[in-house]
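As a plain string of letters, each chain reads:
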Amino acid sequence: MSRIITRRRFLIGATMTASALGLSGCDALVESDRTKSVLKIAEGFSMKTQRFLLGDNALAREFTEADLSPVFRANGTSMPDNPQYLDWMNQQFSTWKLDVGGLVDKPMQLSLADLKALPARTQITRHDCVEGWSAIGKWTGVPLGALLKTVGLKPEARYIVFHCADEYEKTLDGTGWYYESIDLVDAFHPQTILAHTMNGRDLEVAHGAPLRLRVERQLGYKQAKYLTRIEAVADLGRLYGGSGGFWEDRGYEWYAGI
Amino acid sequence: MATIDAGVATGRTVIYRHSLLVRLSHWVNVLCMTVLLFSGLQIFNAHPALYWGQYGADNDPSFISMEAVEDGDKAKGVTRVGSLSFNTTGVLGLSQVDGEATARGFPEWLTIPSYQDLATGRRWHFFFAWLFVINGFIYLAYGLLSRHFRRDLLPAGNELTPAHIGHEIVNHARLRFPKGPEARHYNTLQKLTYVAVIFLLLPLMILTGLTMSPGFDAVAPWLLDIFGGRQSARTIHFLTAFSLTAFVVVHVAMVILSGVFNNLRSMITGYYAIDHGDIKGDKL
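Residue numbers (the numbering used here), protein chains in the order written: chain A, 5 to 262; chain B, 4 to 287.
Extracted from the complex, chain A is given alone in its bound form (with noise of 0.2 Å):
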């Protein structure tokens, strides 16, 4: 997601286009708070309408491996430059963890290694960009449903939040940090994984290393990359930016679905 613009960066532009020639009126209407509203009114629509159909376990097609793509692009950050991350990597993630926390029972530590020996999936799915590119990529990694049941989720839990290892954007209040949120309908969906493996080998770190959210029935920003913490929450609102997730928080359905 390198290239999408961020609403900081939108805004400097809106506001360099409005001081020098004034916004058109349709520009105006855009920026309205009640158009914006509005408009929002679509993605309700949209996620009830595709969950009514969808049932919670239809599966998004898999492919063969004759379907892979020949280059996966990377997108978003492609090397976290924090000295965190730095220090895992160097030492191959052999002193990374993930936690797993929040509302649940038996909160864990997770090292890689104890990942890579729980059961895994396989599967070979279509990574759809928001932008409108895809690639075909072959994931294998942990059902997330499987080790939330290990934790056991409190009954109050309605979210499940990801946060990651890398800042995308450079803020003071600490609000460009990567994160996502699903629901416990996709959290529990079969092809909803933890991938620690891409194409038969160790996850690049160009591609979220050495742990990365698969969310299959949604586009590639809910894919969250460099995975440090599972947090499993009643409500979104106090959370970064509050709406669920980096890009959400800029203006982006928090449903990916279409």
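Hints in this document: simulated from the structure, not taken from any laboratory.
Label-pair restraints from in silico Cβ distances:
1. A:A70 - B:L87: 29 to 39 Å
2. B:I137 - A:G59: 17 to 27 Å
3. A:Q96 - B:V136: 49 to 59 Å
4. B:L23 - A:T53: 26 to 36 Å
5. B:N90 - A:L72: 30 to 40 Å
6. B:L34 - A:T179: 30 to 40 Å
7. B:V253 - A:A32: 29 to 39 Å
Covered stretches of chain B (chain A as the covering partner; in silico rule of three or more C-beta atoms under 8 Å from a C-beta of chain A):
8. 126 to 140
9. 224 to 237
Even glycine gets a Cβ: it sits at the ideal position worked out from N, Cα and C.
Given the coordinates of chain A, assemble chain B onto it according to the supplied hints.
Then chain B, alone, in the frame of chain A:
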């Protein structure tokens, strides 16, 4: 199309041509298709390249692309279609934003919003896609139940002969439009065009649009087989939008050439005046 015989003495008959529902759904459609086109170009600009097959990204061969390339110390906009390459500087691939040449698929005067903002483009696109689909279903139900399709749009057998169609094409090319009784109903070219738009192009837009949705692909994986993959569907979506735009250009030209006031009135009030043609002068 109930007839109200008024103004016979002047050689004109005013008929009730378009029902309220047809008029309303027409104008809702105008709004939806306008927003869908310009917000669609905004979405296209996020990745101005089209592919064929299940996947497609920067390293895969594209079928159509727009990009800015270095040309000496300046940049130029290049649009590629297959193996053909065109210099489209100023419009496609490279255009002015705030007085500065900027890499951009379509120029700012063709996108909603004008500046690069994929998130907002998507919000507009999906909202109006819903409105368009709801409007379309209401129109389809009405068209079937009221026999509008059968009565007004289905060509009769004798209208489909090559001689008849050939004759109409010649008349259209000469801008000679039907008068008298023949003007009471759509001519064959109109019927065929409207049938193609309503039952082929618009459903194709919806289905290829849905095929791009990863969620909907899980609901209906057969869409991927019909269109040959998500990236093929994206390409067909674009080409069909282009076809619809061409239709609208011809449609509006015909509206203007065959009596803009009478045509607009009929799509607003429902009433359309027919010139009998046997009395000279009185041209609308």
